[in-house]
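J.: Listed in order, the protein sequences are those of chains A and B.
Yeah, the first sequence ends on 935 if you go by the working numbering, and it's all consecutive.
Yeah, the second sequence ends on 234 if you go by the working numbering, and it's all consecutive.
Honestly, the hints are just simulated from the structure, not real lab data.
Hints are supplied without guarantee of correctness; some may be wrong.
[What the hints assert, rightly or not] Capping the alpha-carbon separation at 30 Å, the derived lysine-lysine pairs in DSSO-like fashion look like this:
| id | chain 1 | residue 1 | chain 2 | residue 2 |
| --- | --- | --- | --- | --- |
| 1 | A | LYS873 | B | LYS121 |
| 2 | A | LYS851 | B | LYS70 |
| 3 | B | LYS121 | B | LYS70 |
| 4 | A | LYS873 | B | LYS70 |
| 5 | A | LYS873 | A | LYS851 |
Since the structure is predicted, the reported quantities are computational estimates derived from the model, not experimental observations.
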Amino acid sequence: MVAKRRGERAPEAFLPLAPATFQILLALTNDELHGYAIMKSVVTRSAGSVQLGPGTLYGALKRLLEAGLVEEAGERADPEHDDERRRYYRLTSLGVSVARAEARRLEAMVRAARRKKLIGERPA
Amino acid sequence: MSARLERIYRLLLCAYPPEFRAKYGREMLLVFRDQCREGDVRSVRFWARVFWDVARSAPALRAEATRTVEVHMKFAAVVTVLLGALGILGAVGEWIAGSRQPMGATYVLAVVLGVSAFGLLLGAGLAILLQRRQAARLALVASLVMISGARLLFPWMGIFAQLVGFGLPVALLIALYWPGKPARASA
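Only chain A is shown next, with the shape it has when bound in the complex (with noise of 0.2 Å):
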């Protein structure tokens, strides 16, 4: 486990995560993206519910790697495009531990309306 850098700020402290944030983060889990393949991404896991523009997107990217939970990751083209130079981002540790925190406070919640019966039971 990476150790906690001084003045750090615990992955609870972020909660509860904005959806469209909660998104470009499990987007970038495992992945590095650009801007666009992120985009995509988010409209694909979220079956076209949630939608973000550019300025939604890059403003939402601006607030994460000031917080410290993204990082950019270079430049380079993409091979699907084969055009221009995109940057890339990916998470960072704190970033990591932020989505997992989330998931967990989400898992919770939907626990707590299946007990509530407010959903059905989890499918086999």
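Put chain B on the given structure of chain A with help from the hints.
T.: Coordinates of chain B only, in the frame set by chain A:
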């Protein structure tokens, strides 16, 4: 993507703060290019999404940028007040040290100008904290004039006093005038 669409999006990017455009403008344009390639640029829905995205994100980023500048300015103002007070104390100390011997009129005038310069610097710091930017600018210019006069009359002025007396007002004047400059199109 046609040059016309790109021009329209470049215009929309002007809604974002200059620093944000400088860092992300090119990337946003690339994403917009991808959207144009895969979407129907002739549909109202496409453009409604583009405009909605700008309308939703730009004001928030502008507000964030303003808040950041304000925090920096407040910090600079507090430092100015402290250094102004320190400068006054230093000049008074100089006066007390010099008073053991007979003082010439030039020396007295130099000390008075020095104390006034640091007093004005302190006042400028307070004016920035009170959001009186014009008053702060006037105080800083007057402080520069006074410290220049003191330096001419008293060439042995300490390096710290010179650094603070000249450097701080110049830096603050640049910072105070900076937001008034037209934003550079860099998207």
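J.: Which of the numbered hints are not met once you compare them with the structure shown?
T.: none
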